[in-house]
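Undergrad: Sequence:
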Amino acid sequence: DIEQMDFKRMELSELASLVKVSLKEPGIGIIPDENYEDFLRLVNAPTQVIQEFVVNYSMPFYVDFLKFIMCHIIKIWKLDYEFAMKNINQHHAVKPYEPERVVDKLVAIFKQLIFRPPWPMIMSHSRNDKDHVHLLKRFIYEIDWDVERPPFNAFQQTPPLTTAISQEQSLDQCPWFYKRQDHQLLVNKLSTNSIAINDGDFYVRFSTEASVSAPFTLVVQLDGQQRFIKICMNKQGQYGFSLNSCFFPSIQELIQYYTQNSLSKHFPILKSDMKLNKPIRRDIFLSNTGYDDTDSYAAGLSNIKHDINLLRITLLELTNKYTEMEQECSSLKVEIDQITAYMSEIQRSTMAYGRIQMIYEKQMKLNRDNFLQCQKVTEKSEFDRSFKYLEQRVEQFVNNLKGLNETYTERQLKREQLVKTLEKIKVEMVSCENKIAMCVKLVGDKNVEQHEINNFLGLPTDEPWYLANITRETAHKLLKPCGEGTFLIRTSSNGLYALTLVHNNMIYDCRIGRDPANSYAFRFIASNVPKNAQATTMNGNVTAYCDRSFYSLKDLVEFYKKNSLAENNPDLNTCLTVPIKLHANVKI
Numbered sequence: 001d002i003e004q005m006d007f008k009r010m011e012l013s014e015l016a017s018l019v020k021v022s023l024k025e026p027g028i029g030i031i032p033d034e035n036y037e038d039f040l041r042l043v044n045a046p047t048q049v050i051q052e053f054v055v056n057y058s059m060p061f062y063v064d065f066l067k068f069i070m071c072h073i074i075k076i077w078k079l080d081y082e083f084a085m086k087n088i089n090q091h092h093a094v095k096p097y098e099p100e101r102v103v104d105k106l107v108a109i110f111k112q113l114i115f116r117p118p119w120p121m122i123m124s125h126s127r128n129d130k131d132h133v134h135l136l137k138r139f140i141y142e143i144d145w146d147v148e149r150p151p152f153n154a155f156q157q158t159p160p161l162t163t164a165i166s167q168e169q170s171l172d173q174c175p176w177f178y179k180r181q182d183h184q185l186l187v188n189k190l191s192t193n194s195i196a197i198n199d200g201d202f203y204v205r206f207s208t209e210a211s212v213s214a215p216f217t218l219v220v221q222l223d224g225q226q227r228f229i230k231i232c233m234n235k236q237g238q239y240g241f242s243l244n245s246c247f248f249p250s251i252q253e254l255i256q257y258y259t260q261n262s263l264s265k266h267f268p269i270l271k272s273d274m275k276l277n278k279p280i281r282r283d284i285f286l287s288n289t290g291y292d293d294t295d296s297y298a299a300g301l302s303n304i305k306h307d308i309n310l311l312r313i314t315l316l317e318l319t320n321k322y323t324e325m326e327q328e329c330s331s332l333k334v335e336i337d338q339i340t341a342y343m344s345e346i347q348r349s350t351m352a353y354g355r356i357q358m359i360y361e362k363q364m365k366l367n368r369d370n371f372l373q374c375q376k377v378t379e380k381s382e383f384d385r386s387f388k389y390l391e392q393r394v395e396q397f398v399n400n401l402k403g404l405n406e407t408y409t410e411r412q413l414k415r416e417q418l419v420k421t422l423e424k425i426k427v428e429m430v431s432c433e434n435k436i437a438m439c440v441k442l443v444g445d446k447n448v449e450q451h452e453i454n455n456f457l458g459l460p461t462d463e464p465w466y467l468a469n470i471t472r473e474t475a476h477k478l479l480k481p482c483g484e485g486t487f488l489i490r491t492s493s494n495g496l497y498a499l500t501l502v503h504n505n506m507i508y509d510c511r512i513g514r515d516p517a518n519s520y521a522f523r524f525i526a527s528n529v530p531k532n533a534q535a536t537t538m539n540g541n542v543t544a545y546c547d548r549s550f551y552s553l554k555d556l557v558e559f560y561k562k563n564s565l566a567e568n569n570p571d572l573n574t575c576l577t578v579p580i581k582l583h584a585n586v587k588i
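Its first residue numbered 1, the sequence shown is counted upward by one per residue in UniProt numbering.
Just to be clear, a hint being listed does not mean it is correct.
DEER-style ranges, computed between Cβ atoms [to be verified]: (1) E148 - N87: 13 to 23 Å; (2) E100 - F371: 54 to 64 Å; (3) Q173 - D337: 15 to 25 Å; (4) N320 - K480: 30 to 40 Å; (5) D337 - D555: 48 to 58 Å; (6) T323 - D172: 46 to 56 Å.
Once the Cα atoms are required to be at most 27 Å apart in a straight line, the calculated DSS-like pairs of lysine-lysine come out as [unchecked claim]: (7) K111 - K67; (8) K130 - K67; (9) K562 - K446; (10) K278 - K265.
Calculated from the structure, these hints are not laboratory results. A virtual CB, placed ideally from N, CA and C, is assigned to each residue, including glycine.
Could you put together the complete structure from these sequences and hints?
TA: Below, the structure written as structure tokens:
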């Protein structure tokens, strides 16, 4: 009985011989002939793929056989580790335990037993020997065989398998990747129809059947249905949609490429311009809070889905809330960057103080040595005075360093709090995006066109005068060569939008916001408030909106194409004449 034998008294070679004899060269291979090449493809696969293939392999007898061998290999390694630790403790040795010493020997012994190629491929055995060694090491170091390994991480990192391991770790960090248990929760969630999914939305999961050549599946939404696309992996660990087109070193790069390029080249059934849109995020859809919030919101929307006006108001409130969260995120990022810059300054100051302190301490030691060796009283007094001065300065440096360290710790804690707040807001923004998508779908079901929805929300994306996400400086640069009345509307950090236009060879900026009635109007601050506006207080500033308001930005532009802007600003006795995108001298 192997379990009753005393392995501690045996040499490693004796243990290996015993295992060989006990196995008696089994008549069948541990890996079936028809699956030999499948296992070789695992050499550069992520750890998750190897684990999935081994656990979900369709031939359980062979899996049990392989598991039996691997468990005993790890037990032998563990016995060697315990014996080495005992010697280290007895002899107070300093040399650390080296796991690769015994693991390399075990690999050399067992590789031929585990990776035995089929007879027609027997000549390739030596050619694939490096792959056999590499894969068996991965089996030992990375795969879970339900047996405890020695604590090798405390002494040395896993052997150089960085490509596969980094791919596994990075996949876990991707919000669009779902493990098997997570995927089932997502399927249950999607079946409730409480989540709005649009064409092009996607996620990646393990394939339904364990497969080395196609370990992952890309799931894309199209026309209200999910389309399943296999992601293949070749022996070099590269990915693509077929084994002949595996050009991407990671799944992340594949996903990034097809967010910018059409999928229809590989799949004609898809739309000609079909690209990957938004990921179905794991952190949102698997959050219990997100579930309850989304479900309850979907139930609330179902109560008002027949009232188009209520749906529009709800949609407007959501977009305003989303805009506020965007602005809050921007402010938090600025504050985080400022704190990070200040912390860098503290680090530089700390290093400078440390270097000066070392110089002073060396001088103090020199003065003390001179004081002890000197015979003249006057010189002794001078050395002593210099020593005390340096000692006082070093004490000041120590106090300054202590203060800097305390400040650094405070700023570090503050930054961590801000980062947590920022991440929390980002999660809320994704939840808000899902709610907006639900509202847009319900409004669209009322035969409201998308451009009408955009217009109502103040998103005139197709208008020739609208440029989103450009700065004031960029707007001025674009308008500099343009003539009288050329204009654009852009997003603004101070309000919702800003009108920038050319008049009398000068460039003017006017704020546009939403008044209390949620209509668009020109916005003014402090002394700039005109007579035809009512002043209010906002964020400590006197803020007002012009009495003339508009249902949409398009309506505002159409009005001031025919009427002068002088009613808002006496210096702007002009109309909006040429949209920026239609100007002959401007290329955007």
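Undergrad: For every hint, state whether the structure bears it out.
TA: Comparing the hints with the structure gives:
| no. | hint | verdict |
| --- | --- | --- |
| 1 | E148 - N87: 13 to 23 Å | holds, 21 Å |
| 2 | E100 - F371: 54 to 64 Å | holds, 56 Å |
| 3 | Q173 - D337: 15 to 25 Å | holds, 23 Å |
| 4 | N320 - K480: 30 to 40 Å | holds, 33 Å |
| 5 | D337 - D555: 48 to 58 Å | violated, 38 Å |
| 6 | T323 - D172: 46 to 56 Å | violated, 32 Å |
| 7 | K111 - K67 | holds, 14 Å |
| 8 | K130 - K67 | holds, 22 Å |
| 9 | K562 - K446 | violated, 33 Å |
| 10 | K278 - K265 | holds, 20 Å |
Violated hints for the displayed structure, listed by number in ascending order: 5, 6, 9.
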